[in-house]
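Engineer: Chain by chain, the residues run as shown.
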Amino acid sequence: MNENIFTTVCPGCSIACGMYIREKDDGTFDIDWRKDAVVNAGKLCRFGVRLSANLKNATSKVDGNEVELSDAVTAAGKAIGDGATFVSVGNTTCAEHLALMKLAESKGAVVNTGMGAFSSIPAECHPTMGVGIPFDAIESAKKIVLFIDPYEQYPLLVRRILAAKKNGATVTAVGWKAVSLADDNKTIDPANYESDLALDSDSVIIAELNPSTDPERVMVLLNLAKASGAAIMFMKPFVNAVGCDLASKKTEQKSLDQIIAEINDGSIKTLVCLDSDLIEIMPDETAVREALGKLDNLIAITSRASAIADVANIVVATEPLYKKAGTIVNAEGRALHNSGESTDGIDAIGAMMGQPVGMYDEIHATLLATLGIDEVDERVVPAYEKPEYKAMDANPTAEAVETALVYAGGPFFWTGMVDDNDFVEMNLDMVTANSLLKGIPAKITSDKGEVAVKYKVSDVAPGVVLSNAKLPMTTGMVTSVTVSR
Amino acid sequence: MDIGDCYVGWATDEDIRTRGASGGLVTAMLAAALEKGLVEAVVVLKKLGEFEAVPVVTSDPEEVKAAAGSMHSVPIVLSRYLDYGTKVALPAKPCDARSTLEQAKRGQVDIDTTYIVGLNCGGTMHPAVTREMLDVMYKLDPEDIEGEEIDKGKLIFETKDGEEHAIKIDELEEEGYGRRESCQYCAVNIPTMADIACGNWGVIGDLAGKGTFVEINTKKGIEILQNAIDAGAVEITPADDKGKAIRAKVDGAMMNVAAAANDKFLAPIEGSHLDYYMNALSDCINCGACKTVCPVCACGEGAKCTDFSSASDTYKMSLFHLVRFVHLMDSCIGCGQCTDVCPVDIPLTHIYQRFAVPMQEEFEYKPGMDMTTPPFFGVDLVEEGH
Ligand code: SF4
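So the protein lines, in turn, are chains A and B. Read left to right, the first sequence gives residues -13 to 471 (my numbering). Read left to right, the second sequence gives residues 118 to 503 (my numbering).
So here's chain A without its partners, still in its complex pose (with noise of 0.2 Å):
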């Protein structure tokens, strides 16, 4: 009676938070608290504690029918051609990424990681916009100002703003809905950020940068950061986005929409997807679907049972996250070892571009490399160069709708897990304006169609429903929509 115990990391959100994974011999497995993890101190959320109830196996297929691992690796290699798109998001180790990157470069091709702002943004703003601060650094700051709700988006974050108020810091929210940990909630005009906040070199910025994110909304906030003088830290929905954008550097990327878009327009025949369902990271998931559906070729090298898997050609298998051997980089910048010693992913990919197995030593050096360290310590956050920007003209999209049902974000939406959030928020105004009655779920309406559902009165700005949950009537983060009895 043994058991295989894994350090790891929660896939959940790019805290990538410590925890172990103790394996039975059945495959599934438990997750376990790791008190001395220097990220999360083996604090998890609700997404790390639940997450051998959600993470389901995938298994390998070509055109519907289970297979081995050995032949969808040899369907894979024979279905990319010349001008395949490959797009690996951050949810894979860095080696994997990187393995990737040579399958796709002997393709002529890159792989995107589907942060389509950084295609649109100067290239001297992207280790700003790429690697974050530490997260000690949150605690010392003397003032934050929140553009995210991090409760519900990055919720080991919430520890961190609270030892900050108990140094002394002073916390504002600029978000949909008021946080109860701020001293401040406001609703602020972009172009009046700087006058508004009155940051300086002691505050900090949290923001999110995820594939639907207004490059235009980024800009502004990069600006207000150099202005101010203040640190910014964009958050990023995938464990691995800060890693793989590392390693990809100073490549010409897509963003998802792009992607969608080319696909619909038959210049992307074949779109190999690495640990990223486009399914569940877009807000549109009728319309990725139906796009899906016109690819000659969709390849999933997939860890895990996601959307994706039902309906790519093949699905090449490979093991679960925390039994990869390779290393995460955190929102944070810091390298962080998984114990797994599997390069079974690798290898797979390897095969596809004919490559003989054992390519992972080369590739991890390469990673240390990139980094700048000799090795991989999870107490030593690596130094990063972020070089001065010049300010942008900025213009963010205006969301003027009177009525916009919002995704909120969060790990249980970036990956479509389950979870106990069928319900939308919206405030006490839009409720009693739309006569809504408690216990009777309100009708969201949109161009697209509608759903009944849930509702619950919280404190979320005017004209926003506020949902965590993907709804079949969205067209992307913001919606505008109706709402009746």
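In short, the hints are calculated from the structure, not lab data. No residue lacks a Cβ here, since even glycine has one placed at the ideal position from N, Cα and C. Wrong hints could be hidden among the right ones.
[What the hints assert, rightly or not] Output of the computed footprint for chain A on chain B, the stretches with three or more beta carbons under 8 Å from beta carbons of chain A: (1) 158 to 172; (2) 401 to 415; (3) 423 to 429; (4) 455 to 468.
[Said to hold, decoys possible] With a Cα cut of at most 20 Å, we get these calculated EDC-like pairs of lysine to aspartate or glutamate: (5) A:K152 <-> B:E249; (6) A:K42 <-> B:E418; (7) A:K442 <-> B:E157; (8) A:K10 <-> B:E157; (9) A:K429 <-> B:D430.
Mind docking chain B with the ligand on chain A? Use the hints.
Structural biologist: Chain B with the ligand in isolation, oriented as in the chain A frame:
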């Protein structure tokens, strides 16, 4: 050998004697239990670093031997890792032992096949706090630490250069470091509810530092110790009265310290109680970790606290918490696990104890102290477990 007998014992194997705490008796006893087939498995803490260890359930005696030595910076309750029906032994701090008994009363642990090797405990520390404490109070690099022990009220760290660095625990706790809050007010230091209670208190004279004081509490206690003696793994000698008296005195002194901490930390709430609880719980992110990690909760997935609660129908103080505060009044042992894992640092153990202590006093029920008194909330052992 009889119930109530006290001995001082040590491992015969020199390596275990040197690496294990106080002569390595506990390690030798657990390894011998596996080697001689008394148990199928042992739950131990597998050391991964100076402040990090992970519980493993093993049938490999070498893994048990490798786990020798105490780790005060690994505050984990091991009873959660017990599997019903497996013949198993576990080293048990009082909270490990008490939660094992509470689980047994709820049909989750088979007490007849579980050998509880009790360890005296003066408290444990959270590894993150320990690291900060080393930096701030000891001015030491945590990576430079090679061992630690508690002796005569001092917490002593040994660095790789062989130097010892000691600070009084009182002094550390005044600065907010040292033992976890729940350990500071825990008044159970000797696990009298375990099959056998082991520790270094009361080991005097030539054997000081080289032997473990052992008190036999049950027939299983006799079995596991006798098994180790028969295997040639341990040797014992009767404890003398002076040693017994010293042990009782240390225990008494620790209880007084705990009582003072209890008065300090669990002082009556000032002002509105509702405000107190709403503020304390307002940052809850509904993760459920406190339930998952609770070593006395036997409810599993379909629990009252989760069934009654939903994120869509809650305001600051969720039904989840309210149900749990009440439901655990008869079983909360104040082990501190819920506080340790709370992602927003709510002092949950503290709150549970505010509910549990007065009720446990009223019902004259101290959970996990023996198998004879049933909990005051009804449990249907057939439906809830085995
Ligand atoms: S989802 Fe993010 S915050 Fe939650 S446990 Fe996982 S890594 Fe930590």
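Engineer: Are the hints correct? Go through all of them and say.
Structural biologist: These are the hints, each one checked on the structure:
1. 158 to 172: holds (count 8)
2. 401 to 415: Satisfied; 7 residues make the cut.
3. 423 to 429: holds (count 3)
4. 455 to 468: With 6 residues in contact (Cβ-Cβ under 8 Å with chain A), the coverage given for the segment 455 to 468 of chain B holds.
5. A:K152 <-> B:E249: holds, 17 Å
6. A:K42 <-> B:E418: holds, 19 Å
7. A:K442 <-> B:E157: Measuring from Cα to Cα gives roughly 52 Å; hence the hint is violated.
8. A:K10 <-> B:E157: Satisfied, since the Cα-Cα distance of roughly 17 Å is no more than 20 Å.
9. A:K429 <-> B:D430: holds, 18 Å
Consistency note: the structure conflicts with earlier hint 7 alone.
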